[in-house]
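**Student:** So the sequences go chain by chain: A and B. Each residue of the first sequence is one higher than the one before, counting from 1 in our numbering. Each residue of the second sequence is one higher than the one before, counting from 1 in our numbering.
It is possible that some hints are incorrect.
[To be verified] Here are the simulated lysine-lysine pairs, DSS-like style, with alpha carbons at most 27 Å apart:
hint, chain 1, residue 1, chain 2, residue 2
1, B, Lys95, B, Lys9
2, A, Lys99, B, Lys95
3, B, Lys95, A, Lys52
4, A, Lys60, B, Lys14
5, A, Lys99, B, Lys14
6, A, Lys56, B, Lys9
7, A, Lys60, A, Lys99
8, A, Lys99, A, Lys68
9, A, Lys52, A, Lys68
10, A, Lys52, A, Lys99
11, A, Lys56, A, Lys99
12, A, Lys56, A, Lys77
13, A, Lys68, A, Lys56
Worth flagging that the hints you see were computed from the coordinates, not collected in a lab.
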Amino acid sequence: GNSVTQMEGPVTLSEEAFLTINCTYTATGYPSLFWYVQYPGEGLQLLLKATKADDKGSNKGFEATYRKETTSFHLEKGSVQVSDSAVYFCALRNTGFQKLVFGTGTRLLVSP
Amino acid sequence: NAGVTQTPKFQVLKTGQSMTLQCAQDMNHEYMSWYRQDPGMGLRLIHYSVGAGITDQGEVPNGYNVSRSTTEDFPLRLLSAAPSQTSVYFCASSKPQGAKTYEQYFGPGTRLTVT
Chain A
1 GNSVTQMEGP VTLSEEAFLT INCTYTATGY PSLFWYVQYP GEGLQLLLKA TKADDKGSNK
61 GFEATYRKET TSFHLEKGSV QVSDSAVYFC ALRNTGFQKL VFGTGTRLLV SP
Chain B
1 NAGVTQTPKF QVLKTGQSMT LQCAQDMNHE YMSWYRQDPG MGLRLIHYSV GAGITDQGEV
61 PNGYNVSRST TEDFPLRLLS AAPSQTSVYF CASSKPQGAK TYEQYFGPGT RLTVT
């Protein structure tokens, strides 16, 4: 079956530190991969996506590369800000389907 | 566009009570879904619909009913609330834009407590 595994949090960083949140997946076929972000008290927002192997999704300074050989989609940012504090979810969707399969989420806490 | 709206934002129920969580979208999206979010478990799919009149079960459907009489609305009914249904509920919608680019838009959530 399809599944997504994320690193457990919380991840605690100081402002301007480098961020990596690991995500690996198991899927049949060729899924699309997503990172969603949930700010406190809000719903989920799409942060970035990649639809095929070696694609790089990017948005707001965040990046993630679809690595088929390692079945990974790690989220990175070169310099985090306090405003990046949120919960980050990795998700996949198989071709031809609309159902998303989510990881458990990783909470990021950035201190000044 | 208001996007995806959910009501109420907060609700407290007693065990055995029933209620309906409302979800509406004004983007003419065919696909709508309900998730529940629990600590350490991410989001789990409860029910989904690929269009008006068509619904199907997700990963955790027990204790919930849905219907889809219009494209815009997708209410979630709790038949007899149980403490295990204490959770945050999210509604989402999407419209096919190509083979692999279905972006789902999420509502702000309903926080439900069952005592």
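**Student:** Hints first: check each against the structure and report whether it holds.
**Tutor:** Each hint, compared with the structure:
{"no.": "1", "hint": "B:Lys95 with B:Lys9", "verdict": "holds, 25 Å"}
{"no.": "2", "hint": "A:Lys99 with B:Lys95", "verdict": "holds, 12 Å"}
{"no.": "3", "hint": "B:Lys95 with A:Lys52", "verdict": "holds, 20 Å"}
{"no.": "4", "hint": "A:Lys60 with B:Lys14", "verdict": "violated, 43 Å"}
{"no.": "5", "hint": "A:Lys99 with B:Lys14", "verdict": "violated, 32 Å"}
{"no.": "6", "hint": "A:Lys56 with B:Lys9", "verdict": "violated, 36 Å"}
{"no.": "7", "hint": "A:Lys60 with A:Lys99", "verdict": "holds, 26 Å"}
{"no.": "8", "hint": "A:Lys99 with A:Lys68", "verdict": "holds, 20 Å"}
{"no.": "9", "hint": "A:Lys52 with A:Lys68", "verdict": "holds, 8 Å"}
{"no.": "10", "hint": "A:Lys52 with A:Lys99", "verdict": "holds, 17 Å"}
{"no.": "11", "hint": "A:Lys56 with A:Lys99", "verdict": "holds, 22 Å"}
{"no.": "12", "hint": "A:Lys56 with A:Lys77", "verdict": "holds, 13 Å"}
{"no.": "13", "hint": "A:Lys68 with A:Lys56", "verdict": "holds, 12 Å"}
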